[in-house]
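Please build the complex by placing chain C on the supplied structure of chain Y, with the hints as guidance.
Here the protein sequences line up with chains Y and C, keeping their order.
Numbered by this note's numbering, the letters in the first sequence go through residues 31 to 549 in order.
Numbered by this note's numbering, the letters in the second sequence go through residues 99 to 214 in order.
Accuracy of the hints is not assured; some may be wrong.
[To be verified] Subject to a maximum C-alpha distance of 16 Å in a straight line, what follows is the list of computed EDC-like cross-link-like pairs (lysine to aspartate or glutamate): (1) Lys116/C / Glu379/Y; (2) Lys116/C / Glu56/Y; (3) Lys195/C / Glu56/Y; (4) Lys116/C / Asp57/Y.
[Claimed, not checked] A few chain Y residues that face chain C, going by a derived Cβ cut-off under 7 Å, partial list only: (5) Leu58; (6) Tyr302; (7) Pro305; (8) His394; (9) Gln395; (10) Glu399; (11) Lys400; (12) Ala403.
Quick caveat, the hints were computed from the structure, so don't treat them as lab data.
Beta carbons are placed, not taken as given, at the ideal position from N, Cα and C, and that holds for glycine.
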Amino acid sequence: MPYHSFKCSECIPERKKHAVVKGEGEDLTSCLPEGYLNTIPGTISERGCAFCGAKHVIGTPMKDVIHLCHGPVGCTYDTWQTKRYISDNDNYQFKYTFATDMKEKDIVFGAEKLLKKNIIEAFKAFPEIKRMTVYQTCASALIGDDIDAIAKEVMEEIPDVDIFVCNSPGFAGPSQSGGHHLINIAWINQKVGTFEPKITSDYVINYVGEYNIQGDQEVMVDYFKRMGIQVLSTFTGNGSYDDLRGMHLAQLNVLECARSAEYICNELRVRYGTPRMDIDGFGFKPLSESLLKVGLFFGLEKEAQKIIDEEIARWKPEFDWYARRLKGVKVCLWPGGSKLWHWAHVIHEEMGVDVVSLYTKFGHQGDMEKGIARCEEGALAIDDPNELESIEAMKELNPDVIFTGVRPGEVAKKLRVQYLNAHAYHNGPYKGFEGWVRFARDIYNAVYSPIHQLSGLDISKDEIDTDKGFMTRQMISDVKIDKEAAAASDERQYTGDYDCVTKLRGKKYPKLEKESFSV
Amino acid sequence: MEDMMQDQINQLVDYIMKWCLWQFNSRAWDRKDQNEGILTKTMQILCEEPVERDTPAERCYWVEAVLLARYFKRNYPWLSKMDNNEIKLLMQGLKEKIDYLTITGSLNKELTNPTY
Chain Y
31 MPYHSFKCSE CIPERKKHAV VKGEGEDLTS CLPEGYLNTI PGTISERGCA
81 FCGAKHVIGT PMKDVIHLCH GPVGCTYDTW QTKRYISDND NYQFKYTFAT
131 DMKEKDIVFG AEKLLKKNII EAFKAFPEIK RMTVYQTCAS ALIGDDIDAI
181 AKEVMEEIPD VDIFVCNSPG FAGPSQSGGH HLINIAWINQ KVGTFEPKIT
231 SDYVINYVGE YNIQGDQEVM VDYFKRMGIQ VLSTFTGNGS YDDLRGMHLA
281 QLNVLECARS AEYICNELRV RYGTPRMDID GFGFKPLSES LLKVGLFFGL
331 EKEAQKIIDE EIARWKPEFD WYARRLKGVK VCLWPGGSKL WHWAHVIHEE
381 MGVDVVSLYT KFGHQGDMEK GIARCEEGAL AIDDPNELES IEAMKELNPD
431 VIFTGVRPGE VAKKLRVQYL NAHAYHNGPY KGFEGWVRFA RDIYNAVYSP
481 IHQLSGLDIS KDEIDTDKGF MTRQMISDVK IDKEAAAASD ERQYTGDYDC
531 VTKLRGKKYP KLEKESFSV
Chain C
99 MEDMMQDQIN QLVDYIMKWC LWQFNSRAWD RKDQNEGILT KTMQILCEEP
149 VERDTPAERC YWVEAVLLAR YFKRNYPWLS KMDNNEIKLL MQGLKEKIDY
199 LTITGSLNKE LTNPTY
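Next up, chain Y with everything else stripped away, as it sits in the complex (with noise of 0.2 Å):
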């Protein structure tokens, strides 16, 4: 097996199976990291914790809910400006955010009453809302809060209202991947099959693992309606409470974020026979590829490939003008979990940019399996690293730009290394045929940024020409590129809108607007 090992992690033996390198030759059968495994003591790790994982990146991109969270106040950290999952109902679901507050005499004579108390007064508070979901965090679950029950009390008390509750405490799993886990098997359980959306289409779909991050489902959701698809729910970004009800009357379940929702999807596959298919709606390949799977399933491929066609047309020479730019760009692509699969072969192919490193922070073997499946020869693989690794591996592979999150994302600023926000992005959607040119324009926005230039300066003892301005993004860029060939191209920059997705909301879909259906 080729095994990395850190430095800074000899002292932490057990470290070195979580990290590998992908040699020539290798393959899965060689060359696989451990993978969702308890974080070992003494390494400072990046996970979230199992009800990070439940709430903030599951529950909580449902739109129209109130999202309560029994615990202290803190763990209520990740809402307004954390997160990027928005919705076309002015974004309900991050801007208020609910919790019990629980505080040490709680914790002593329990805090059942407390928490129906907080329930009614929220309900009240916002009289619009009827639907709620209810977070056990580590606190409510150690003291044994029966949140079921008291959801139940209230049920009864309040007929129209209709609560969800979510028992996945912090302690639940190794990272927040156990939380996905546990927030999936209780949807299926408690709400599936608990409502009927109306059916308006013959072909229906459940949009699953996508969480409209900076508009991500928006824009695909567009291209399904175009073909005449109804996205009976989309679980969950901008989904509604009572569509995630009506899961079990779609007739094929399309998977983008396995990591986070096979889960669901599985049990919808063994419970009700709707089958699975994943879809990658990243890169102009894999979405074209995509939606011309979705499209055969139902018999719609000429309409996929008359929206492919005219994206494609539209989008490919402002992509072109970034992808010239960004070759042989070295990337760590360290995200999360699924885009390490996600992006870790179409970057490479479509922009040329090199990556140097992958890794996941809660991801299991399989995600690994997939990046290592998918990224080229000599790829630092890593799983649930810890800061100092992190920071050795950029001193020694010395890449240009990391795809992470924000909070590793900010010790590679201070390594004077670019980075973009994996997670919540910077300039997105990422997703579509034009958010592939967002996202290469802010690869490219953040390679060439000016400032990069003047943060290696010390003005205290480096000479700074006084005579001369600082080289613009392009001056830096264009003297790697054929020049004569880029002008005889078609290629431009990106003329998009500032904001490309609320103009999608008010949208007439014809196809969808017929007066009678089959199914």
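Just chain C now, with coordinates in the frame of chain Y:
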């Protein structure tokens, strides 16, 4: 001759492992079903044999098989020179290799977990 077939199989394996996701479902039994269902249907399409797609699950396999067969035909010209027996032999070898990489030779310890 055997070396040539092995090289051809490896080309197909490389494409699947890089661009497809269906071979990576999370449990061994599931991967077995996926590999069997999709690669059998791909072989049937390449051999111009009838392909069953009556149930939703079969239809899903068929969709993946259609795209795979199209890519193979477009990008590997040597495929058009093969007769049906050779294609079946090739696809059998491909399935064995994919099964090995994703199931029997896999280092993924979660594959044998009895539940999802």
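We went through each hint and held it up to the structure:
{"no.": "1", "hint": "Lys116/C / Glu379/Y", "result": "holds, 11 Å"}
{"no.": "2", "hint": "Lys116/C / Glu56/Y", "result": "holds, 14 Å"}
{"no.": "3", "hint": "Lys195/C / Glu56/Y", "result": "holds, 14 Å"}
{"no.": "4", "hint": "Lys116/C / Asp57/Y", "result": "holds, 12 Å"}
{"no.": "5", "hint": "Leu58", "result": "holds, 5 Å"}
{"no.": "6", "hint": "Tyr302", "result": "violated, 10 Å"}
{"no.": "7", "hint": "Pro305", "result": "holds, 4 Å"}
{"no.": "8", "hint": "His394", "result": "holds, 6 Å"}
{"no.": "9", "hint": "Gln395", "result": "holds, 4 Å"}
{"no.": "10", "hint": "Glu399", "result": "holds, 6 Å"}
{"no.": "11", "hint": "Lys400", "result": "holds, 5 Å"}
{"no.": "12", "hint": "Ala403", "result": "holds, 4 Å"}
Of the numbered hints listed earlier, the single one contradicted by the structure is hint 6.
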